[in-house]
Structure formats: C-alpha cells, structure tokens
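> As a plain string of letters, each chain reads:
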Amino acid sequence: MKKQIANWGNYPVIESNEKYFAFEEELQKLLSGNESFIPRGNGRCYGDASLAKNTISTLKFDKILSFNKSDGIFECQSGITLDQILEVIIPAGWFLPVTPGTQFITAGGAVASDVHGKNHHIDGSFSKHLLELDLILNTGGTITCSYEINPDLFEATCGGMGLTGLISRIKFRLKKIETSFICQKQIKAVNLEELIGLFSEYRHYTYSVAWIDCLKKGPHFGRGILMLGEHAVFSDLNEKQKKEPLQLSGKRQINLPFSLPSWLLNAFTVKAFNFLFYAKNYKKEINSVIGYAPFFYPLDAILHWNRGYGKKGFVQYQFVLPLEAKKGLIEILQRISDKGLGSFLAVLKVFGKQESIISFPKEGYTLALDFPVKDGLLEFLDELDQVVLRYGGRIYMSKDARMKPEILWHGYPDLKKFKDIIRKYNPGGKIRSVQSDRLLLTTN
Amino acid sequence: MATVLILGATSDIGVAIAKRFASEKFDLLLAARKPELLKPLESDIYIRYGASCSLLAFDALDFKSHTGFFNTLQPKPDVSICVFGILGEEDEAFDDWDLTKRMIDTNYTGAVSILNVIAKYYIAQKRGTIIGISSVAGDRGRASKLIYASAKAAFTTYLAGLRNKCFEYQVHVMTVQPGFVYTKMTENQELPKAITSTPGQVANIIYNAYLKKKNIIYIKWFWRYIMLIIQCIPEFQFKKMKL
Numbered sequence: 001m002k003k004q005i006a007n008w009g010n011y012p013v014i015e016s017n018e019k020y021f022a023f024e025e026e027l028q029k030l031l032s033g034n035e036s037f038i039p040r041g042n043g044r045c046y047g048d049a050s051l052a053k054n055t056i057s058t059l060k061f062d063k064i065l066s067f068n069k070s071d072g073i074f075e076c077q078s079g080i081t082l083d084q085i086l087e088v089i090i091p092a093g094w095f096l097p098v099t100p101g102t103q104f105i106t107a108g109g110a111v112a113s114d115v116h117g118k119n120h121h122i123d124g125s126f127s128k129h130l131l132e133l134d135l136i137l138n139t140g141g142t143i144t145c146s147y148e149i150n151p152d153l154f155e156a157t158c159g160g161m162g163l164t165g166l167i168s169r170i171k172f173r174l175k176k177i178e179t180s181f182i183c184q185k186q187i188k189a190v191n192l193e194e195l196i197g198l199f200s201e202y203r204h205y206t207y208s209v210a211w212i213d214c215l216k217k218g219p220h221f222g223r224g225i226l227m228l229g230e231h232a233v234f235s236d237l238n239e240k241q242k243k244e245p246l247q248l249s250g251k252r253q254i255n256l257p258f259s260l261p262s263w264l265l266n267a268f269t270v271k272a273f274n275f276l277f278y279a280k281n282y283k284k285e286i287n288s289v290i291g292y293a294p295f296f297y298p299l300d301a302i303l304h305w306n307r308g309y310g311k312k313g314f315v316q317y318q319f320v321l322p323l324e325a326k327k328g329l330i331e332i333l334q335r336i337s338d339k340g341l342g343s344f345l346a347v348l349k350v351f352g353k354q355e356s357i358i359s360f361p362k363e364g365y366t367l368a369l370d371f372p373v374k375d376g377l378l379e380f381l382d383e384l385d386q387v388v389l390r391y392g393g394r395i396y397m398s399k400d401a402r403m404k405p406e407i408l409w410h411g412y413p414d415l416k417k418f419k420d421i422i423r424k425y426n427p428g429g430k431i432r433s434v435q436s437d438r439l440l441l442t443t444n
Numbered sequence: 001m002a003t004v005l006i007l008g009a010t011s012d013i014g015v016a017i018a019k020r021f022a023s024e025k026f027d028l029l030l031a032a033r034k035p036e037l038l039k040p041l042e043s044d045i046y047i048r049y050g051a052s053c054s055l056l057a058f059d060a061l062d063f064k065s066h067t068g069f070f071n072t073l074q075p076k077p078d079v080s081i082c083v084f085g086i087l088g089e090e091d092e093a094f095d096d097w098d099l100t101k102r103m104i105d106t107n108y109t110g111a112v113s114i115l116n117v118i119a120k121y122y123i124a125q126k127r128g129t130i131i132g133i134s135s136v137a138g139d140r141g142r143a144s145k146l147i148y149a150s151a152k153a154a155f156t157t158y159l160a161g162l163r164n165k166c167f168e169y170q171v172h173v174m175t176v177q178p179g180f181v182y183t184k185m186t187e188n189q190e191l192p193k194a195i196t197s198t199p200g201q202v203a204n205i206i207y208n209a210y211l212k213k214k215n216i217i218y219i220k221w222f223w224r225y226i227m228l229i230i231q232c233i234p235e236f237q238f239k240k241m242k243l
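Note that the protein sequences, when read in sequence, are chains Z and A.
Here the numbering used here is used: the first residue of the first sequence is 1, the next is one more, and so on.
Here the numbering used here is used: the first residue of the second sequence is 1, the next is one more, and so on.
Be aware that a few hints might be false.
[As the list claims (entries may be wrong)] Derived EDC-like pairs: lysine to aspartate or glutamate, alpha-carbon spacing no greater than 16 Å straight-line:
1) A:184 with Z:18
2) Z:417 with Z:152
3) Z:417 with Z:363
4) Z:2 with A:190
5) A:184 with Z:26
6) Z:176 with Z:134
7) A:39 with Z:25
8) A:19 with Z:285
9) A:39 with Z:18
10) Z:171 with Z:230
11) Z:60 with A:42
12) A:34 with Z:25
13) Z:19 with A:42
14) Z:271 with Z:300
15) A:39 with Z:26
16) Z:2 with A:42
17) A:34 with Z:26
18) Z:60 with A:96
19) Z:3 with A:42
20) A:184 with Z:25
21) Z:19 with A:187
22) A:39 with Z:24
23) A:34 with Z:24
24) Z:185 with Z:134
25) A:184 with Z:24
26) Z:3 with A:187
Simulated from the structure, these hints should not be mistaken for laboratory data.
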C-alpha cells in the first residue's frame, strides 16, 4: 500500500509502497518481481538513505536465533531493534559492543550504517565486532559473508546503506559487563581549545563525547561539556543499585504527541537552552553513577523528539575532519555562529583509526548538528561541505538528505571500488534508494 | 507448567499471542501448515522467555486429520487458541466457487472441526479454555466482505453455542472480535490509525481477558460500539450503503 514515509529528520517525505515479511519464504516472493526497492528498518537514519518508491521493511523479521551466555556471541535476524537485544543480554551480564545514541535502530541498520558510539576511539565501529552476516541478494539467493568469506561483499555491506543486498542474519560479539550502570564524569570546558585538550587528556576513557555550544562567540567560543564513562563494577554502586546490578533502565518515556511550530527554534531559544545546559553543571567536574539508558540514550526518553523541529523537519549534518584539521572545525563552528543557525544538539567526538571502504568513521574530529529545514539552509550546508572537503573530511551518509554527489566522491577515496562491488552483487541496481540515486551510486 | 496451543501460529496475531503467553511462562504448541517456518520463532521465544515450543504440522482444511492431530499432542494444552483464517479477494471469490469454499472452510468449517475435537476432550476433563479469534466483520453482512463476513458470523455463532454447551463442565470459551489490525492480512488496505491495533496490543488484550475469563471481547473496546451503531442501521437503509 502506498503511503507517505520519512526517516527521523522528517525530511524528505516521499510516497512509498512499503512491504513486510516475517519469513524468508515471503521475502523470496517479494523479490521475484522486477521492481526496485530498498530494505528499511526502523527509519532512524535521518535523511533519504532508506527511502525509495518501494521499500521492504525488516521489522517483522526480528527473531533472536542464538545467544551464548558464556562467550557472549549473539545471532539474530536483521529487523530486531537494539532495545529488544538489550532486554535479553543485560540481565545475562552482556552489553552491545558499540551502540549509537538511540536504542531504536535495527540490527540490520546498525550494520548498513556501520554505526559508531562514544567508544569509537577504543573499540571501533559496529562492524569490528561482527562475526558473520547473511544477505539476501536481489535475485533471491542467500550469501554468507565475513572478514574471511566473501570479504569484498562484507566490506561493502558494513556502512553500505543496504545497497549490496538485504541483510538478513547478523552474528556478533557482545561486551561483558558486571553491572548495567555507568560511572560518568562530566567536565566543563570554557572554550573549544580546552575541550579538545580534555579529549586528549582523557582518551583512555572507554566512552567520551562532548556537547558543544555552537552559538557562543569570543573567549568562550566552542565551550562545552565533556561526558566520559566507564562500565561500573559492583563496588561502584550504591546500596539501592546493588540490589539489582543488571537492571534495565530508561523504560520511562514521555511522548511529544504533535509537531511543535517550527518558529519555536530560533537563535534566541537555542541560546537560552545552551545557557541552561551549560549552567546546570555548576561545578567544573561532576562524577556520578547512572543507568546505561540516560548515559547512552538521553533522547530516547522523549518519544518523537524529532517533532520538536516542526512539520518541515530537520537535517542532521555530521562530518569528520582529520586530527590535523582543527582549523577546519573552528571555521565551521565560526560560520554556524555567524549565521545564527544554532543547533540544539551539537555533539563532538574524537574518532580513532579505522580502515574501511565505505564506513563513515576515520581518525579525527566528528561533529553532529541538527538544523531545522528553512530557506537558505541547503545553500548554507553546501558551503559547509566545501569547508569539510577542503580540510580532507567527509559526511555521514546515514544523516544525509541533501549532499551533492561530488562531495561524497571526494570524501570517500574508495568509492569506485564500493560501486563496483554493488554492481557485482546487486546487478542492474535493483536495490536502490532515493539517496543512492542522488549520489550516483546506483546509476551509470 | 501450563501449555497453550496456537492454531495458525505463523499469522501475525498468532506470533504475538505466542510471545505474550511465553512471557507468562506458558509452554507453547505452535501449529501451522508449514511449521518449519517457525524455527526462528522457537529459538527467539526460548532465548527471550525461557519457554519451550513444539512445532506441529496442522492443516485446517484437512478435517479428517484433526482428531489424530489432537490425540498426538503431548502434553494436552490447557488453553487452545484458534487464530487461523483467510481474508480472500471477495470479487474473485464471487466468480470462483473453489475460493469461496476455501474461505468458508478455513474461517468456519476447519475451525469447527478442530474445536469440536478439543471441546470434547475438555468437557471430559471438566477443564480447559478455548479462545476463538473471529472478526467484527461477522457482526453484519455487507457487499465488500460477502463471504469472509458470513463465515466469521457463523464462527461467532458457533463460539457462542460452544460457550453455552461447555459452561456446565467448567470449560470456558472466549470469543475475540478484533477490528482493524495491522497484519499481513490487511497490508494492502489503508487503515484509519486511530482505530487500528497492532498484533502486540491484540495479544495483550487477549491475555488479560483470558485471566478475567471474559466471554466476548472487542479489540479495541470501542469496536463494540462501532458495530452496535452499524447493526442499528435499518436494513432498508443499510442495503443502499457502501461500507
């Protein structure tokens, strides 16, 4: 049935014929037609990566196939969401090896975007923990891949936006935990210089990320709060926490039931928010032991927080710049501040090394920003793209809804190889999205 | 440990009911035409809830096999839930007797055939619960659901009679009347969001109603009133309407 669909940014919205399957047999039937399609999970990428005129949803294909509680190896179908996985693994003393900022993505999406988390500099991206994948190719055949078996397919599937085939089965290694709590340390930095220094000083911490005030000018330019974390051990917990050291957290959610008017977010309200967010940490350093959900998934506490950006939606802009390009980071923040285009969520993180052909992370600074869609935004982002390119950076496809193909092609030096692998396993480009067509990945 | 039998376990509502009962520590007997499809569900349910499943081949249309099917069940279920059914293309069915008959047989005859066997056993044991998933469509006949609605009406009437028959033997029969539900069956229809349920919601309501030994439940509750209004439209008016 045709319906209007959009991903998390609510931009763009397109008409799509969405089909579901619960069993592989049903999927085979769907693939027997000639229509092109893109696999789709929970629609938590931001832009148009999983949009197409035909989509095949994996959400009913969500079964857990095996879970070895002694060695932490987990195997599932691709449509299961991370929150469901956590419900099963946490009570057994295991955690996701890598998790993005929301638990409402599917395992298939985690592979297709090769998601990263606050521990990228230590543990790498999600793909690093994969043992094996099954894909259903556009012809209907099933193929297994891993670092050893069909490595070209594996490499192009991790971060490959679903373009190689429909990811059906995923086997990966979990991380052992003693408790589900996190020892969190928050440190205030008066400006960008200090913040970057802190990242380096605390690089041995497993988890690190910073919130940054991108509207502040002058000596406090780029002020922010660095948030660090380690999995808590039993002795870190208080008496109440000790009663249930492996408890699930973050079950309480509030809902934003309708879209807020888009004028609500302006330079003034963002400044006020930033002021409060910064000022709430009245001490230079705060240490606490908190549940994993408020640490990893603070925004999941508000269902449909994306409606806060109004009906027109928003664009998330995430780029990475090499470590030596600190000047580029300053230039981009400067431009945003000059434009008065404040973003509620400006998140800075330092990536560790990563070699891959299509995954987004590479060593350097990554900054993620939200901008409500309005006149002039797309032109402004095109300008930022040029700065990113000039400093040798690139843009994250899972967040993207608007970049021009040359920006992608310059940012990812192995793109030709990626395109050749897509051609090999997805002949005729039967699997394609609005994004892959826009970025010339599935066109000739 | 209690055991529940789900007839039609590959359907979306069947899967959701299986998970809901498994989460309450029921062991499951999952019956479907192609039980091999349920292997992933079996591992899923064991890992999530620690409940064990038996996967059983069952064909609603193979009436003669039903007694044998039930006799081989070990252990016998405490609760039996009849979920299977087909919607079918009504225009096609009007021209094609085989399809019409298959719709009647799946939604009505097959259900009666297996539930007679189960009820007989429960009556002899003087315990057991039968839950039948019918449909609000059966509450009033109409052109767009000609065969489906009439078969479901018959099934609803059968369940009411069975409830009456079983009462004195402490056997409980519950009729479930779902309205719109997002499932494979309705994937190609545009459903009004406000009055459409998810399979998970349906399973939850059924489980709670089972605990309370309800007789007839509508999912969701307002469907009872929607159908009441539809039933109140006088026939001379109703026959002119397109619903």
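> Decide, hint by hint, whether the structure agrees.
A quick look at each hint next to the structure:
| no. | hint | in the structure |
| --- | --- | --- |
| 1 | A:184 with Z:18 | 12 Å, holds |
| 2 | Z:417 with Z:152 | 9 Å, holds |
| 3 | Z:417 with Z:363 | 21 Å, violated |
| 4 | Z:2 with A:190 | 9 Å, holds |
| 5 | A:184 with Z:26 | 10 Å, holds |
| 6 | Z:176 with Z:134 | 25 Å, violated |
| 7 | A:39 with Z:25 | 13 Å, holds |
| 8 | A:19 with Z:285 | 46 Å, violated |
| 9 | A:39 with Z:18 | 26 Å, violated |
| 10 | Z:171 with Z:230 | 25 Å, violated |
| 11 | Z:60 with A:42 | 15 Å, holds |
| 12 | A:34 with Z:25 | 11 Å, holds |
| 13 | Z:19 with A:42 | 24 Å, violated |
| 14 | Z:271 with Z:300 | 23 Å, violated |
| 15 | A:39 with Z:26 | 15 Å, holds |
| 16 | Z:2 with A:42 | 33 Å, violated |
| 17 | A:34 with Z:26 | 12 Å, holds |
| 18 | Z:60 with A:96 | 32 Å, violated |
| 19 | Z:3 with A:42 | 33 Å, violated |
| 20 | A:184 with Z:25 | 14 Å, holds |
| 21 | Z:19 with A:187 | 8 Å, holds |
| 22 | A:39 with Z:24 | 12 Å, holds |
| 23 | A:34 with Z:24 | 13 Å, holds |
| 24 | Z:185 with Z:134 | 40 Å, violated |
| 25 | A:184 with Z:24 | 14 Å, holds |
| 26 | Z:3 with A:187 | 11 Å, holds |
Hint check: violations occur at hints 3, 6, 8, 9, 10, 13, 14, 16, 18, 19, 24; the rest are consistent with the structure.
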